[in-house]
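Line order of the protein sequences matches chains C and H. Count the first sequence with our numbering and you get residues 1 to 462, in order. Count the second sequence with our numbering and you get residues 1 to 447, in order.
Since the hints were derived computationally from the structure, they do not count as laboratory data. Small disclaimer: the values here were computed from a predicted structure and weren't measured. Hints are not guaranteed to be accurate.
Under the rule of at most 30 Å between Cα atoms (straight-line distance), these lysine-lysine pairs were calculated in the DSBU-like manner [what the hints assert, rightly or not]: (1) Lys29(C) with Lys319(H); (2) Lys403(H) with Lys414(C); (3) Lys397(H) with Lys40(C); (4) Lys87(C) with Lys403(H); (5) Lys160(C) with Lys319(H); (6) Lys193(H) with Lys3(C); (7) Lys193(H) with Lys87(C); (8) Lys228(C) with Lys3(C).
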Amino acid sequence: MIKQSVIENVLQAALTSGGDFSELFIEDKYVNSLTLRGGKIEQSISGRDFGIGIRIFSGLQSIYTYTNDISEEGLLIAARRAALAIKGGAAGTIHPLHPEHITPIHKILLTPNTVEHARKADVMRQANEIARSYDERISQVGIRYLDEQQHILIANSEGKFVEDTRIYSRLSIQATASEGNEVQTGFYGPGAHAGFEFMENLDLHHYAGEASRIAITMLHADECPSGKFPVIIDNEFGGVIFHEACGHGLEATAVAKNNSVFANRIGEKVAPDIVTYIDDGTLPNEWGSLNMDDEGEKTRKNILIENGILKGYLIDKFNARRMNTEPTGSSRRQSYRFSPTSRMTNTYIAPGTSTPEDIIASTEYGIYAKYMGGGQVNPATGDYNFAVMEAYTVKDGKIDRPVRGATLIGNGAKTLQLVDRVGNNLAHGAGMCGSVSGSLPVNVGQPMIRVREITVGGTKGE
Amino acid sequence: MTIAEFQEKLLQQAVDADFKEVEVYFERKTSFECKLYEGQIDSYETSEDGGLSLRGLYNGKMGYSYTEKLDDESIPFLIDSAKANADILDEDEGIDIFEGSSEYAGHQFYSEELANIEIADKVELLRAIEKNILTYDPRIVTLDYCILKEFSTERSLVNSKNLSLSQKENGLVIFISTVVKDGDELKTAGYLKMTRDFYALDVEEIAKEAAEEALANLGEKSIPSGKYPIILRYDATAALLATFMPVFSAENAQKDQSLLKGKVGQKVASDAFTLLNDPFHPNALTGSNFDGEGVATKQQAIILNGTLQTLLHNRKTAKIEGCATSGHAHKNSYKGTLTIAPQNLYVPPGQKTQADLIAAISEGLLITGLSGLHSGTNTISGDFSVAATGFHIKDGKIVSPVKQMTIAGNFFDLMKDIEETSSELYFLPQGYGSSSLLVKELSVTVE
């Protein structure tokens, strides 16, 4: 993309005022996005994102600048100007660059940019047809198709020089059901770190059918009771609750400055024995997987909590300095517009021994959250909130009636302690995670889980 | 190649490549952001970036493409991609490229004075704010973040019908999150200040407000769950309004995705509720003299004393309905297709102060913050169930902060249940504003 000699000059220029580390991140990304609504392809846009980020460390100070001026002169000016933020020292030196070859662990069979729009539109039309014909009360279906091809080059003053190409494919299905004055929606958005082969192999009947089924089910759901109940959270995207409730609190972004309830607690018991929590960026072709992170570190399997004991954090290069430790291949950024920091990849709770049937049968009264919506957390306090897209009451060991408007609130560290069943049906779900370094593809996963007590907010009294 | 040359070349080549009409939109941004941590610069960021998009009518359909790499090889990429994207559309938008409005307002959204302030002065100001907060009260533990961000944006829109528009805007925003602790109780509170007038920023006042906002959250108590009268503070309301903005889009109504479909001229809210669109509001940091299609923007009422005056239209939705566009075509950036959005949508202030509203409540809640708005709200059904922070009001007085809670209701019902609006007015940087609202009742669940 850019000559190695230019990269060396820029890395050197960034160290003119005494910085001790410099890094270049070059990104060239192609995006295709198509939208279908009302049975018609109504939007289609393609684009090319291109830019360069320069990062400099000086002790515990981090300087970042980005531009899409790619001339050597422009980059040198940007690097020197950024370096001015450091109050003068002797110029640092860079190590010779050593090109490194990455062996991709996430095989791509069909590059989306080589596939005609017509084939992409076909997949969307099929999904639309399935969702539409599910029930005559389905009044509107929206399908979004997205593919991205991101080529990155990372070089730093320690001699790192590495390139990678990441390919993402995602199909999002939103179904709206109407009857009388009632309107409800259902959503499913499968995605992968894979090429167009992902779309061709996708079980559209399952995903599009589920989006419609959720909308129809919620059409005549009761208002959700509010209060404190045992809550059963189903597998796959249900894992979003632990992504928010404890995943974010285990990121060095929060831990390094003690702004997390999990800071300084390695070796402590933070969860029951049945809970093992893992972040693994190496799962083949999963939505949150990467060959290497956005600092060029190979991704790995990081065990965060093992049988209830806190084992580790997700750490990026900069926060590793503050924490006096090593990075864990967890540094990520949405694009060259963001300085990277520690983020999750594919995070999940390892399977336990209970069967889903037993978990439900052993619950006298509670809430069953079949599909979660999104949520968020305040990492400093650990307080979280979640929307449940499809929920039911559980009565006498049986799933009872669908309920709508359920919101779960609580504290991550406390909720973690209250997990009393872990199922044997681990599955992963795709989502987008927004935080300081932008919006990123992540997988959340878990088997079915039961929490002894969560505060459920709803519109109906206790 | 300068931008003007690139735009000219692209317009010409697109017309030569059988586009009937084309538009080129360009955006360039610069920004500076500084984050402090205990007196030291933790992160420091500058940027200069931009991009350009092509929108063109090809075989009767509108194709889109964009690039951030402005070189000769980008021109065929833009043209070929826009053609491929036009080809796949099922819908003939029935709309052409706009030739321009007869008149445009000449409002300024850029402060030269702000642009000329030295980075060192901005960092010093932030440092003084951080220091003042940290020494304000012993219960203040740290700042989760303490950020100053300044931005400027230049935009230009030129098309094959000889329309050429441009605009510059800038602004400065300070974000602070204060962490407070008393015994085992740990609380945080966010604070945001935005301005185009750097010299009007008062260090002590900002520090006091940011600190008090967090300290007020200490001493939480639980109250029984149930339905309560609610005062939704201005900032919480502005955030809720931003979330439910899509219900006012004519495009969503035409696609059966808004329950306001067919309700223009009808009563959709209480008499106490008015909602205005003002592209030139002096308190807002956003604004524009023209919309995403180049149509002149204007001040207008969306809801007036409870009656829906208009939905938000672009030229395409207006044509479908046989009305004039309201000037709400929106380009979020060169990266997107044309959508619909307001320019500074806000609930205007009423007569009584927020304190007056509180004084009149025998038992209820003051809601000061909402979270989970991206997931706990449904713009199609109007339902919301979101986490909230706030205070218990009893006999006209604030008694205590309330433990973690959720509030739930329906946006369409809420508009009908608004009894009064306060005299305060607050804008979010994204251009949504509000006074505080007194709402008849909402469901509250407390931990």
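Structure-based check of all given hints:
no. : hint                     : verdict
1   : Lys29(C) with Lys319(H)  : violated, 36 Å
2   : Lys403(H) with Lys414(C) : holds, 15 Å
3   : Lys397(H) with Lys40(C)  : violated, 55 Å
4   : Lys87(C) with Lys403(H)  : violated, 46 Å
5   : Lys160(C) with Lys319(H) : violated, 57 Å
6   : Lys193(H) with Lys3(C)   : violated, 43 Å
7   : Lys193(H) with Lys87(C)  : holds, 29 Å
8   : Lys228(C) with Lys3(C)   : violated, 61 Å
In terms of the numbered hints stated before, the structure departs from hints 1, 3, 4, 5, 6, 8, listed from lowest to highest.
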